[in-house]
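Residue numbers (my numbering), protein chains in the order written: chain A, 1 to 538; chain B, 1 to 305; chain C, 1 to 94; chain D, 1 to 200.
No wet-lab data here; the hints were simulated from the structure. It is possible that part of the hints are untrue.
Claimed, not checked - Quick partial rundown of chain D residues pointing at chain C, CB under 10 Å, derived from the structure: (1) L32; (2) L95; (3) W182; (4) L200.
Stated by the list, open to error - Coverage of chain A stretches by chain B, computed from C-beta distances (three or more under 8 Å per stretch; other residues unrestricted): (5) 284–291; (6) 449–456.
In this text, a Cβ means the ideal position worked out from N, Cα and C, and glycines have one as well.
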Amino acid sequence: MDKAATAQNSFWNDTGRSGLTAWIFSTDHKRIGLLYLYSTTGFFLAGVILGLILRIELMAPGRTIMDPRTYNALFTLHGVTMIFLFILPGFPGAFGNLVMPIQIGASDVAFPRLNLLSWWLYMAGALIALSSLFTGGGPPDTGWTFYVPFSTRTGTNVTLAVFGVFVIGFSAILTGMNFITTIHRLRAKGMTWGRLPLFTWSLYATAWVQILATPILAITLLLVMAERLLGTGLFDPGRGGDPLMYQHLFWIYSHPAVYIMILPAMGAISDIIPVFSRKPVFGYKMIAFSSVAIAAAGSLVWGHHMFTSGMSDRAVLVFSLLTFIVAIPSAIKVFNWVSTLYKGSISLEAPMLFALSFILLFSIGGLAGLILGAAATDVHVHDTQFVVGHFHYVMFGGTGFAFFAAMHYWLPKFFGRRYREKPAIIAWGLMFTGFNILYFSMKILGMRGMPRRYYDYLPEFADLNLAATVGSWILALGVAMMFVNLVSGLLRGEPFTGNPWGGATLEWSVATPPPTENFAEEPVVTHGPYDFTAAGRR
Amino acid sequence: MNRTQFMTTGQAVDPAFYFIFGASLILFIAIAAAMIFFVIRYRRSKFPEPTSAVAANIWLEILWTMLPTILVLAMFWYGWQGYLGLRRVPPGAMEVTATARMWSWSFAYPGGRTSPKLYVPVGRPVKITLESADVIHGFFIPAFRVKRDVVPGMKGDAWFVAEKKGSYDLFCSSYCGTGHSAMVTTVEALPAKEFEEWLADGGRGEASAAADGRKLAEAKGCLGCHSLDGSPKVGPSFKGIMGRSEVVLTGGKERSITVDREYLRRSILQPSADVVKGFQPVMPPYPALSPAELEALLELLGGLK
Amino acid sequence: MDGQRHTIIGYGTLTAVWVALLLLTALTVGITRLELGGYRVLGALVVASLKGGLVIAFFMQMKSEGGLLRLFLLIAVVTLAIFIGFTFFDVLYR
Amino acid sequence: MEHGGHRDGFAAKLGMWLFLFTEILLFGGLFLLYAVYLRRYPAEFAMGGRQLDWMLGTANSVILLTSSLCAAMGVTALQRDESRRAVGLLCATILCAAGFLAIKYFEWSAKIGHGVYPGSERLKSGPAGESIFFSLYYMTTGIHGLHVIIGAGLLAWISVRVGFGKIPADNLILLENGTLYWHLVDLVWIFIFPLYYLVL
Ligand code: HEA
Ligand code: HEA
Ligand code: CUA
Ligand SMILES: [Cu+2]
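With the hints as constraints, model all of the structure from the sequences given.
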């Protein structure tokens, strides 16, 4: 920020305003991206500490440190924070904003002021959701899924929490329409669809999901509020309503939402792996196409969360079949990533380590998804710790590790300074080890029958729960170390200039840190995003 | 019982599990091995430059589109067949009705006997009809691979057969509030003869159930929230409740009271009238208790010193 | 696609569309007063779709937009149709 | 690919359309519930539907269609540099919106006067399907009414800007987007009207 940054006319110091207002009222996509980065990682750290507390309670059967009500409120808060405050807005908000406009050769997104409004809405929604902890009937205890009729009956402050999420939904919609418009209208000369970096491709697919699925969440949450405030009874079985309709509406949004979480992560991985292999990504077209395919097919499978709900058997048949169809484009991606390594020149620096472990962890999580997608096996593991294991593998091991990869890969570019390599790798090792101990134990627990959202459990589950808790400490150590290293490196570390990793996408062609207007003159793109020779790396 | 007539729920689910798990494991090991091999073999210290610039291969792409497609279709098929096994109740199954409420189970048998544990005869399929008194619960017996949500306003069912005598865990799998993790009971599989005796004995015992407060408290779900041994659960413990002095909130105002019979009666019929300080107003009212049942409960509470 | 749209839809065309819309409104009211049983819903929806089509094509000027917006509109409508339609895999067979 | 820079009219319109899709899906959720519950409670829905006044519904349809016409003509007027007329037409649109809301107000207050509103004693004691029908009716028309209010406010703001000549005739994207929103409000009503007032 200081010396390295002031050396040029970077976006860090070029602004009419000063102090905090230069940030929270800035319409520069890079500043907004950093705002998102700070706020989402802030909530991530808060949420992750909640996760740690959950694990301490589960260390041993019976009461360990809290009562069941607190536990229920905590896992709800943990889930809501992680999903709505971290993982959904995180990738598009932070790295989408930071990187995407530069990647396509634009000076900003299509609607910069709307972009700022998105962040404001996100913060407002987050604060509303969090204020539910201290007002009304206290912190909501419904789980992040807000299932009726429990959520319409409980005395806790569900209404406010749900309203906060509703507001955050608006923010996601605005980001989505901004990104689609940007990618359609603001690509530089020569930036054809076939030359779009895969990260941008994935954001494009994500934006469509945000636009088409989020409104359904909005109306669903409005109906829950109406149910609580006005007594509309649309989901109340006592008044002729059908609780399963809530589940349909909720998952019509929330299943596609898991692809909002994973698609940008896959995009980032597709950008990182070629750079550290110095080799064009294998099967560019298939990877780009499979992002769109995942987004499209992902809208058809929501029913797989309801196999045991009492939904009709025919619906089980359809949704199970379609669920397996979504797995195919994911498989294509995995195979293409691995083939990219073949005969490359591979350097295991921190971003690459995180990217490669993404592949492993996401595969473990995704393959567990297959067990969940098959009707018979899902009946056994539904609502058990197996599901908890599955989604931590895909969300934390997948999106989370990709987020860390992206942090190590892109943040030096924007800060002009870099972290130290060795601590980064040690932190990675701790995280990878702790992660697997923690969540693989949960998967086994689930297969053995331990339900999820259980404050207390039978003694037969004690050993693995203890293992998981110990794993969570190793993981926490790694995460803490990674953040310390990142923060201190980005603020005071060695200068980071030029294009040390040899990336061929446009963001590596501009100054480090990028100037406010990104490009002094409109760039003309003459080669593909992974064409390292044409990019003149050597 | 002719064992070849039906396959158990475990036999329906497990093959699908082994197939998907096994295929996944093989694939995962292959992918991980290939990845690690490439990373080591093509490390930059050995190959400062890539030795190939191939960026696409249509045959490979086709291969790894088709291969997973075939594989997942097989997985789907196994899963679906197993699911059908779970849904097809064999003829001649014994029928039991399970009622879930916050936070306890109650099982009703033909002939009118009820119990908080699920007693079943060994070797005979049992069909459970599921009903909920309040929110969504989940009927889950890991040992038999059965799970079905218990949705208010909807009749669900599940079936299983216990092949060996023994006691199996039964969980509430669907999150239902504070006592969710305490909504645990067992399936007691008894040899057919013992089961018949149990059922017959219960028929007699039932008449006196109203008089037996403890059984009643169990059947009505009181013990899901109140303990008899002094430990607080969701609600205050019943132990030593009579004559206890405590602070309650009446219409939002705190006042001190001493527990007497009249207060107990009101607490059961209109729990929201006086809410014990430090507890949530979550106890459901019990207007449907018969006078005899209410009397028996009060008797029980009064006697717990 | 072209950034700026140059076609101007005349007052006459707009008024004609409006008249058509009013006629269609009268038509829906008419056919739903008939005893058509289940076809009433279908008929009303067909007419409503026609009206919607007119509003989109002329008032919202989709007629003179490029293919891109039309494709997008199609995507949105198909998505909604899928959301409603697939729910009926459950509702119809429960 | 043309690079739009700061005055990329098509980008603004593209963004607006994308936003309209989200509105369509928002109401889509309500139509989904309508479809499901109509199938489950045909008789009760018919009973509920007959309690709605189809004449008022028709009147409101005509009003909204007319308002849409005015809005569309407003765009044409501005394109032809007749900004006076454009403002007049926008005012007519807003007037229609007011009329629509007035009729809705009478409709709602009459219903509420009869004790028909979500959670009312009458609905609670009546058949289940009827309470579902009216809850849906109130939610759908309520959210639609909210859109009418927002749309009218938007158009009012735009007409002030047009009146003060803030929008040059060749850059009427703001007006176009405002009227697009308004037409969406009309579009949604085109479906609400038969489903609630006619087919039952
Ligand atoms: C980032 C988020 C994310 C992602 C990407 C996924 C991806 C997938 N999920 Fe997951 N899922 C969640 C987040 C996610 N999920 C969450 C949060 C829940 C719980 C919600 C709650 O109840 O609280 C959940 C729950 C959930 C359920 C419901 C479980 C239950 O409650 O009973 C199901 C059921 O089908 C499922 C399936 C899948 C499948 C099939 C995929 C697929 O997309 C996975 C595809 C990936 C692979 C298949 C692996 C990679 C490929 C290979 C290694 C090659 C070989 C592959 C083949 C041959 C096919 N998920
Ligand atoms: C991205 C999403 C995400 C992430 C990253 C996590 C992370 C973690 N979660 Fe998460 N979890 C969810 C999403 C996520 N979770 C969701 C959606 C649910 C479902 C909720 C529901 O049922 O409704 C859930 C539920 C859930 C449960 C199940 C509750 C139950 O069913 O009973 C448990 C139990 O162990 C758990 C534990 C953890 C742990 C131990 C972590 C660990 O990763 C945490 C490890 C700890 C650290 C990494 C902390 C280290 C950091 C520091 C100490 C700060 C240092 C700071 C600086 C130096 C600046 N989670
Ligand atoms: Cu009952 Cu969980
Ligand atoms: Cu899903």
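Against the structure, the hints come out as follows:
no.: 1; hint: L32; result: holds, 5 Å
no.: 2; hint: L95; result: violated, 16 Å
no.: 3; hint: W182; result: holds, 9 Å
no.: 4; hint: L200; result: holds, 9 Å
no.: 5; hint: 284–291; result: holds (count 3)
no.: 6; hint: 449–456; result: holds (count 7)
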